[in-house]
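**Student:** Residue 1 is where the sequence shown starts when you use full-length UniProt numbering, and the numbers rise one by one after that.
Everything labelled a hint here was simulated from the structure, so no lab data went into it. Warning: the hint list may mix true and false statements.
What the hints assert, rightly or not - Beta-carbon label-pair distances, calculated as ranges:
id: 1; residue 1: Q129; residue 2: T103; range: 29 to 35 Å
id: 2; residue 1: P88; residue 2: D115; range: 28 to 34 Å
id: 3; residue 1: E219; residue 2: L146; range: 16 to 22 Å
This structure is a prediction, so every number in the text was calculated from the model and none was measured. Glycine included, each C-beta is placed from N, C-alpha and C at the ideal position.
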Amino acid sequence: MRNYMSSVSMDQPVSSGRDPVEAARTEWRVLKARSGYAEGLTVNEAEYHGLLLCLDLLEDLDPQRLVICGDSNLVIRQVRGEIDCKAPGLTLLRQRALDRLRTWPDHELLHVKRDWNGSADSLASAALQRQCGIEIESDAEIQDLLTLNRLDEILIVEEEIAQVSAVTTRSKARSGARVGSDPDSLREEVVRELRIERIRQAQDEESWIMGLKKYLIGEIQDLTQEEAR
Numbered sequence: 001m002r003n004y005m006s007s008v009s010m011d012q013p014v015s016s017g018r019d020p021v022e023a024a025r026t027e028w029r030v031l032k033a034r035s036g037y038a039e040g041l042t043v044n045e046a047e048y049h050g051l052l053l054c055l056d057l058l059e060d061l062d063p064q065r066l067v068i069c070g071d072s073n074l075v076i077r078q079v080r081g082e083i084d085c086k087a088p089g090l091t092l093l094r095q096r097a098l099d100r101l102r103t104w105p106d107h108e109l110l111h112v113k114r115d116w117n118g119s120a121d122s123l124a125s126a127a128l129q130r131q132c133g134i135e136i137e138s139d140a141e142i143q144d145l146l147t148l149n150r151l152d153e154i155l156i157v158e159e160e161i162a163q164v165s166a167v168t169t170r171s172k173a174r175s176g177a178r179v180g181s182d183p184d185s186l187r188e189e190v191v192r193e194l195r196i197e198r199i200r201q202a203q204d205e206e207s208w209i210m211g212l213k214k215y216l217i218g219e220i221q222d223l224t225q226e227e228a229r
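Generate coordinates for the entire structure from the input sequences, incorporating the hints supplied.
**Tutor:** Now the structure itself:
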């Protein structure tokens with residue numbers, strides 16, 4: 001199960017929208033989708049409230065593996081214990097999140113770019129515009145969320161690893177290369193290759209990175225004079 005959170009804040013910390021979208025692990029089926037609205041929150045406070053709202057939606061589900069994807073690097077890393085949480089308000093929210101996560105022994109928190117988390121960002125924007133939280137129920141709205149969601153392009157599922165592993169093994173066998181007998185080593189190699197390819201795809205979507213790559217390898221014919229500078 002994957003749970004997504006996002007927040008939107010105005011220049012002044014007067015209002016924020018927050019939301020989660022849960023999807024089944026392999027079928028990418030939306031189980032629940034809801035946004036919330038509250039005034040007087042900072043960006044980071046809104047992100048924490050989005051995480052707590054995500055966990056609220058999970059209360060009636062049996063504990064299983066949970067992957068939470070959020071575009072707030074600070075919140076994700078604070079909850080993972082990688083950076084300190086010194087602000088009193090955030091410290092309390094972080095502890096509330098940790099207490100709730102104890103009911104999910106097998107959980108993981110991943111930081112993703114906002115562009116890849118479009119379904120959650122869409123709900124957060126709608127909450128901010130309407131100044132109220134909404135719950136998605138219609139088939140058309142659910143389909144819109146599935147269309148906006150791009151996390152399946154960067155999150156690796158076991159079925160994909162198994163499929164690529166089989167192809168890699170057959171390829172090495174045809175070339176006469178020695179195939180290792182350690183499945184863990186093969187899995188790590190495939191995962192690494194997939195991650196490198198997805199990073200390369202994400203970089204190509206950033207025009208300035210793509211332009212820099214072309215410049216470094218000498219393909220400057222497609223670059224404007226300004227880009228070449």
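**Student:** Between P88 and D115, does the C-beta distance stay in 28 to 34 Å?
**Tutor:** holds (32 Å)
**Student:** Verify the CB-CB distance for E219 and L146 against the hinted window 16 to 22 Å.
**Tutor:** With a Cβ separation near 36 Å, E219 and L146 fall outside 16 to 22 Å, so the hint is violated.
**Student:** Okay, Q129 versus T103 on CB: inside 29 to 35 Å?
**Tutor:** Distance hint for Q129, T103 holds at roughly 33 Å.
Taken one by one, the earlier hints fail for this structure only at number 3.
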